[in-house]
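S.K.: All residue numbers for the sequence shown refer to the working numbering, where the first residue is 203 and numbers rise by one.
Wrong hints could be hidden among the right ones.
[What the hints assert, rightly or not] Derived pair list, reagent style DSS-like, types lysine-lysine, alpha-carbon separation capped at 30 Å: (1) 322 x 357; (2) 369 x 494; (3) 369 x 221; (4) 494 x 357; (5) 322 x 369; (6) 221 x 322; (7) 494 x 322; (8) 357 x 369.
If you are wondering where the hints come from, they were derived from the structure by calculation, not from laboratory data.
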Amino acid sequence: LEEDLGCAPQEVFAELDPKPLAAASIAQVHRARLPDGTAVIIKVRRPGIRPTMEADLRLLARMAELIEAESAGLRRFKPREVVRQFTLSLRRELDLVAECRNAERIARNFTEHPEFVFPKVYWTWCSERVNVQEYIDGIPGRNLDAIDQAGLDRKVLAQHGAQAALKMILEDGFFHADPHQGNIFYLSENRIAFIDFGMVGRLPERRRYQVVNLLHCMVEQDASGVVEVLLDWARDTAIDTESLILEIEGFVDQYHGVPLKDFDLGIMLTELTALLRDHALNLPSDLVLLIKALITLEGVARQLDPDFDMVAEASPFLQRAMLAR
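Just need the whole structure built from these sequences, with the hints factored in.
M.R.: Laid out in structure tokens, this is it:
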């Protein structure tokens, strides 16, 4: 802190709690107050964590090379590409300034949505190893009893959370990739605050349209449409197209006649991914974070509301995106 602030922390902050509010592998967070009394959190990267992580990443890269060279069965999972994506993601997380830029970019996309709250960044004291953000005083996402005691509506919170994430993914193409309960707080008037934007996903317009098309076809049980998107992704891979089409038709047909409220989008995506692997196909690497985020989000929403209907929430976004296209 002294190195990055250029002075003793006591010269910048009126109060600083030496006990971490939260701690993880890359950084830890402390509560503090600015001289004007504003409550903030200080996120500090662990000293020496970069060389430790780089050494681990080199070991992972070497293991991936050996796996691809020695195992034909595992080679189709593209372990070197998996490690490459993992490395890029972790290196981005190490830069705490990048996290602040991510937070502000997402916040700008929600300027017309007061039901969503994002922490203000105090740039004066931000650097690669330290960032200072507004302290969010809300109910932690895991505390369901406190949500009930505060008189908040769980069903509305589940809907709001899903709508925020679907907007990020399907409309903005820039999304919080780790929307678990520890990164969500619930506020008065059923508002939701998101924190920790170290891990984000990006979907360029073409990929976003492919995702919209795939989800739309899955929901509408359009097997030929699903196959069309998957074949587009498998452009350079030799596959048994006829066998793939038959399996996709069977996969889609199992949902025939099932009410939309009984669809579990997370399970559908997981099953589809497994089916692709059986055909030696891989999802484009930039979709891994997307599926992770959707599955995490659906789990959080269903803890709030066991009857939560993810497909019903997604359908208007999909229809708008298809019409816009």
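S.K.: Which earlier hints turn out false for this structure, listed by number in ascending order?
M.R.: Hint check: 3 fails alone, others pass.
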